[in-house]
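Now for the letters of each chain:
There are 2 protein chains.
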Amino acid sequence: MADDLASAALTAQLAVASISSPSPSDLEPPTTRTSIRTILDAGDSLAGQRVVVGGWVKTGRQQGKGDFAFLEVNDGSCQGNLQLKVEKNVHPLARLKNTGTSVLVEGVLQKPPVEAKQRIELEVKLVIEVGEVDAAAYPLPKTKLNLETLRDFVHLRARTNTIGAVARIRHQLAYATHSFFNENDFLYIHTPIITTSDCEGAGEMFQVTALFSQAEKVEKELKENPAPSEADVEAAKLVVKGKGDAVAQLKAAKANKQEITAAVSELTKAKDNVLRLEERSKLKSGIPHKDDGTIAFDDDFFKRQAFLTVSGQLQAETYACALGKVYTFGPTFRAENSHTSRHLAEFWMVEPEIAFANLHDDMNCAERYVQYLCKWLLKHCSEDMEFMVKHVDKTAIERLELVSTTPFERISYTKAVEILKGTDKKFENKVEWGIDLASEHERYLTEIIFKKPVIVYNYPKGIKAFYMRLNDDQKTVAAMDVLVPKVGELIGGSQREERFGVLKQRILDAGLSLEPYEWYLDLRRFGSVKHSGFGLGFERMILFATGLENIRDVIPFPRYPGRADL
Amino acid sequence: MADDLASAALTAQLAVASISSPSPSDLEPPTTRTSIRTILDAGDSLAGQRVVVGGWVKTGRQQGKGDFAFLEVNDGSCQGNLQLKVEKNVHPLARLKNTGTSVLVEGVLQKPPVEAKQRIELEVKLVIEVGEVDAAAYPLPKTKLNLETLRDFVHLRARTNTIGAVARIRHQLAYATHSFFNENDFLYIHTPIITTSDCEGAGEMFQVTALFSQAEKVEKELKENPAPSEADVEAAKLVVKGKGDAVAQLKAAKANKQEITAAVSELTKAKDNVLRLEERSKLKSGIPHKDDGTIAFDDDFFKRQAFLTVSGQLQAETYACALGKVYTFGPTFRAENSHTSRHLAEFWMVEPEIAFANLHDDMNCAERYVQYLCKWLLKHCSEDMEFMVKHVDKTAIERLELVSTTPFERISYTKAVEILKGTDKKFENKVEWGIDLASEHERYLTEIIFKKPVIVYNYPKGIKAFYMRLNDDQKTVAAMDVLVPKVGELIGGSQREERFGVLKQRILDAGLSLEPYEWYLDLRRFGSVKHSGFGLGFERMILFATGLENIRDVIPFPRYPGRADL
Numbered sequence: 001m002a003d004d005l006a007s008a009a010l011t012a013q014l015a016v017a018s019i020s021s022p023s024p025s026d027l028e029p030p031t032t033r034t035s036i037r038t039i040l041d042a043g044d045s046l047a048g049q050r051v052v053v054g055g056w057v058k059t060g061r062q063q064g065k066g067d068f069a070f071l072e073v074n075d076g077s078c079q080g081n082l083q084l085k086v087e088k089n090v091h092p093l094a095r096l097k098n099t100g101t102s103v104l105v106e107g108v109l110q111k112p113p114v115e116a117k118q119r120i121e122l123e124v125k126l127v128i129e130v131g132e133v134d135a136a137a138y139p140l141p142k143t144k145l146n147l148e149t150l151r152d153f154v155h156l157r158a159r160t161n162t163i164g165a166v167a168r169i170r171h172q173l174a175y176a177t178h179s180f181f182n183e184n185d186f187l188y189i190h191t192p193i194i195t196t197s198d199c200e201g202a203g204e205m206f207q208v209t210a211l212f213s214q215a216e217k218v219e220k221e222l223k224e225n226p227a228p229s230e231a232d233v234e235a236a237k238l239v240v241k242g243k244g245d246a247v248a249q250l251k252a253a254k255a256n257k258q259e260i261t262a263a264v265s266e267l268t269k270a271k272d273n274v275l276r277l278e279e280r281s282k283l284k285s286g287i288p289h290k291d292d293g294t295i296a297f298d299d300d301f302f303k304r305q306a307f308l309t310v311s312g313q314l315q316a317e318t319y320a321c322a323l324g325k326v327y328t329f330g331p332t333f334r335a336e337n338s339h340t341s342r343h344l345a346e347f348w349m350v351e352p353e354i355a356f357a358n359l360h361d362d363m364n365c366a367e368r369y370v371q372y373l374c375k376w377l378l379k380h381c382s383e384d385m386e387f388m389v390k391h392v393d394k395t396a397i398e399r400l401e402l403v404s405t406t407p408f409e410r411i412s413y414t415k416a417v418e419i420l421k422g423t424d425k426k427f428e429n430k431v432e433w434g435i436d437l438a439s440e441h442e443r444y445l446t447e448i449i450f451k452k453p454v455i456v457y458n459y460p461k462g463i464k465a466f467y468m469r470l471n472d473d474q475k476t477v478a479a480m481d482v483l484v485p486k487v488g489e490l491i492g493g494s495q496r497e498e499r500f501g502v503l504k505q506r507i508l509d510a511g512l513s514l515e516p517y518e519w520y521l522d523l524r525r526f527g528s529v530k531h532s533g534f535g536l537g538f539e540r541m542i543l544f545a546t547g548l549e550n551i552r553d554v555i556p557f558p559r560y561p562g563r564a565d566l
Numbered sequence: 001m002a003d004d005l006a007s008a009a010l011t012a013q014l015a016v017a018s019i020s021s022p023s024p025s026d027l028e029p030p031t032t033r034t035s036i037r038t039i040l041d042a043g044d045s046l047a048g049q050r051v052v053v054g055g056w057v058k059t060g061r062q063q064g065k066g067d068f069a070f071l072e073v074n075d076g077s078c079q080g081n082l083q084l085k086v087e088k089n090v091h092p093l094a095r096l097k098n099t100g101t102s103v104l105v106e107g108v109l110q111k112p113p114v115e116a117k118q119r120i121e122l123e124v125k126l127v128i129e130v131g132e133v134d135a136a137a138y139p140l141p142k143t144k145l146n147l148e149t150l151r152d153f154v155h156l157r158a159r160t161n162t163i164g165a166v167a168r169i170r171h172q173l174a175y176a177t178h179s180f181f182n183e184n185d186f187l188y189i190h191t192p193i194i195t196t197s198d199c200e201g202a203g204e205m206f207q208v209t210a211l212f213s214q215a216e217k218v219e220k221e222l223k224e225n226p227a228p229s230e231a232d233v234e235a236a237k238l239v240v241k242g243k244g245d246a247v248a249q250l251k252a253a254k255a256n257k258q259e260i261t262a263a264v265s266e267l268t269k270a271k272d273n274v275l276r277l278e279e280r281s282k283l284k285s286g287i288p289h290k291d292d293g294t295i296a297f298d299d300d301f302f303k304r305q306a307f308l309t310v311s312g313q314l315q316a317e318t319y320a321c322a323l324g325k326v327y328t329f330g331p332t333f334r335a336e337n338s339h340t341s342r343h344l345a346e347f348w349m350v351e352p353e354i355a356f357a358n359l360h361d362d363m364n365c366a367e368r369y370v371q372y373l374c375k376w377l378l379k380h381c382s383e384d385m386e387f388m389v390k391h392v393d394k395t396a397i398e399r400l401e402l403v404s405t406t407p408f409e410r411i412s413y414t415k416a417v418e419i420l421k422g423t424d425k426k427f428e429n430k431v432e433w434g435i436d437l438a439s440e441h442e443r444y445l446t447e448i449i450f451k452k453p454v455i456v457y458n459y460p461k462g463i464k465a466f467y468m469r470l471n472d473d474q475k476t477v478a479a480m481d482v483l484v485p486k487v488g489e490l491i492g493g494s495q496r497e498e499r500f501g502v503l504k505q506r507i508l509d510a511g512l513s514l515e516p517y518e519w520y521l522d523l524r525r526f527g528s529v530k531h532s533g534f535g536l537g538f539e540r541m542i543l544f545a546t547g548l549e550n551i552r553d554v555i556p557f558p559r560y561p562g563r564a565d566l
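Going line by line, the protein sequences match chains B and X.
Heads up: the first sequence at position 139 corresponds to 139 in my numbering, and the numbers run straight through without jumps.
Heads up: the second sequence at position 413 corresponds to 413 in my numbering, and the numbers run straight through without jumps.
Quick caveat, the hints were computed from the structure, so don't treat them as lab data.
Small disclaimer: the values here were computed from a predicted structure and weren't measured.
Take the hints with a grain of salt, since some may be wrong.
It does not matter which identical chain is meant; a pair holds if it fits inside one copy or across any two.
Unchecked claim - Below, a list of computed lysine to aspartate or glutamate pairs in the DMTMM-like style, where the Cα atoms sit at most 25 Å apart: (1) K421 x E518; (2) K504 x D134; (3) K379 x D44; (4) K504 x D152; (5) K452 x E28; (6) K243 x D272; (7) K65 x E87.
Isolated chain B, as found in the complex (with noise of 0.2 Å):
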């Protein structure tokens, strides 16, 4: 298997160079690289090739008296290095060796001479280029820091194992996440970033907005050019009176057309000038308000408010209500003053959307993506899982292992609080029927109690969101959470509110006025359908998978209040 996809990737690799376009003799030619993972990966089967490699030193050591050096290098296609020998004729050393240093060489692949831990080492015979670094300057000495401190220097911290490992992580989450829809003949829908809807008819929404650059502008037009005075405009309407009057004794005195076609385009030119100081009158600077002392967002952009997304969903269900099966998998947004290590102010969603299905099939769903997405992990991540395990969290593949084979413990709300009521642990939130299950209930429920995740379902309509069916009992809706071990609540989902007559009166129970969700309801006034659907927050199951503890170091680059590096 290994083997295989050694052997398919070094094929892919040389493809590159040999594709059959012509070569314009202009350009340089091609780079042919192979990759370490594929080098790795093969192990001592390629002693004897010559390859070239690109990626960058890790740790380098002169060794035989300053004759050759070892270079542990990286380059982002796998966890572990190459190392790769060179002699001091082949390049000055000293300009190798340091930690963050790039090298493209040239080289022969063999057996390392002594049973050293290496399977294969590169015998380096050209140092095509070389990236220098200042090992001074250098933000990342070869010591480990700490995921926090990495955090001021986003641009660099790619370069780290943790932060590398996690990135090939998030990559194969992201991509089991369309094979996984794609299978199950999902289409994936890019729902709007920029919206007019608010999803959950309360969540502190970011504006988007071109007022501020458009008042720039202004100012600086202004500034070139100042606003007419009101003097300027009376000046500009008495020469009009003029021009008129010129043009009424020209035709008194029966001048001759000429003349007077003369007159009146003058006349013309000069109420044009009236017109354009006027408007340019207007011009202010700052904000524009409308008279009420408002802020005039009919003049923004979108002719309206518009706000960065917070849930793809509702959009989604357009799609799911005329294709069937959708999925949405973007960013989306928070405006939340919030500092903990779980929230984010831009975060990614998976959102499937699924037409004539209830709750039970909304589980189901749930339930075969996220075993999927563990077993996809340990297949093709097992060498980060690793050192994962080693590093941050030593039961991160236990736990996978654990989520992707045990069926998901399905109870209701209800049942759920039943069991919290009646166990002798102290929470700091009690525990009571109505209550929004808090994170050391779910945790308690999946780690402690079923000890595998569990599914809570038919929550209390007072504590979940409007658009969410109302079950018979009228006192709880179809919802669900996919709580797990590590992380609490992973997912939330629910049957969506299909009928038109009770969703418009939960509309209005909610406080919402009706008009923004005219086009919501349309759904259910045509063709309504059963439906149903959840939302994964993407970086809650990095989180899971990885085990570490911020999610701040899960995401390439995060924001949150104070900060947007980048």
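Fit chain X to the supplied structure of chain B, relying on the hints for placement.
Just chain X now, kept in the frame of chain B:
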């Protein structure tokens, strides 16, 4: 092949129901639905099978003097409809036949009695659910609406044949994109949507802010609880003075400790009250301003101005310069007041970035990627592509075949200008060395001169971005555009400037300040590598594939000046 696919899909569909999890008795049983694609692909081999089908009625007609009805039903899984035959004793036919009605039915598949165009139809035995439609109110009647009108119904238009086909083609192009890059060992990186960097150093960017909602909150708070006046603050200060005097008197009178402690406590409370009042007296409604009259963006969520990204390239470079080969696929934004059929305020871009790669490698990657997409569509979207040929652009399939099999022509910008100048064609925009090629020039090159895709490379530095690598001639940069028939520029890319000194000078020459680009310069300070990348406008690719004219029809929820529906 088609049968394999069908049986695999059928198995997958059935698996949804047979999952081994416990099913609590208070849950409605799951729905087992067979997709219409599965049925149509399998054709009459499924005759006699009992299945559940759900979808929306495209057309319905009563026949046999009203004894039965034929419903053409579509469920979005494919372009084709399944014909349902319903007897009037199964369900009132008038409630089923209107266009847009949703039905979930159970029935038996059978070969149509007469040899009709259908190979298979469903004899309905049970109507499980119906979502009715009032034909008079339904905005999408059976008659064909033009695409422009449909844009006023973005929440319903996915139910039309054209927009449904676009959704499936878009899905396949997205899935093919992930497949291509995954097969070639690229990591999918989520570059930030909210950014404090400006990739192009010029673009019109949307600003992301919480200042308006913060101001609204303050305003509401002040309405409920007005800010204290100066007099209120003075009065509170007097109280402090009184309490202070009292403490002093008690101390002077050597009162007991308890009395003094009580008095000090009252003094502290009074002081806290003054602080609170002073703080609140500063509350002002409206957007916060600094003393110099400019807006106080350091009071905003990220403590500085933040924008929506125009490209993930610069951030993707940080990952490429650590992990080798990466790509982004995400939304990008332009606040341009552009009303053309080729521009959107929100659109999706695919941006690979490759370390140890020069412009030649970049072209090879772009050519292979575009050809992969074309081949993928021919293989996976033949039915929808045939629909496009029939209804939108009769050359759509030919174009995909041409591009997927023909090596792309590669010519330098200088050569392209020579060719254009040498033709008899009168262009609206005059051609001379140094101009940015206009769409008319690009399309002339690819459609008339070469009749195949063309890669133009080595553009004048004056018309390209600062980050593109300066060629040895000092006049051109290592940029390349891929031009294709129908849309002109599909891809723009370049080798990035990897030399620290040259890049620094280019930033300064572009009139930008260095400070915001220090992190970008760091990539050249520490272990710099040659690297290249490009961007493909995803909606442009869909226009190219489908032959549709307006970009607003190939994204589910188009955003442009004045419009951000839903």
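We went through each hint and held it up to the structure:
Taking the shortest Cα distances, K421 and E518 never come within 25 Å of each other, neither inside one copy (42 Å) nor across copies (56 Å). Taking the shortest alpha-carbon separations for K504 and D134, only the inter-copy value of 18 Å comes in at or below 25 Å, while the best intra-copy value is 66 Å. In this assembly of identical chains, the alpha carbons of K379 and D44 lie at most 25 Å apart only when taken from the same copy (23 Å versus 39 Å across copies). In the homo-oligomer, the alpha carbons of K504 and D152 lie at most 25 Å apart only across protomers (22 Å), although the nearest pairing inside one protomer, at 48 Å, exceeds that limit.
In this assembly of identical chains, the alpha carbons of K452 and E28 lie at most 25 Å apart only when taken from different copies (24 Å versus 57 Å within one copy). Taking the shortest alpha-carbon separations for K243 and D272, only the intra-copy value of 12 Å comes in at or below 25 Å, while the best inter-copy value is 70 Å. Proximity of K65 and E87 under a CA criterion of 25 Å is satisfied intra-copy only: 11 Å inside one chain copy versus 94 Å between copies.
Of the hints listed earlier, the one the structure fails to meet is number 1.
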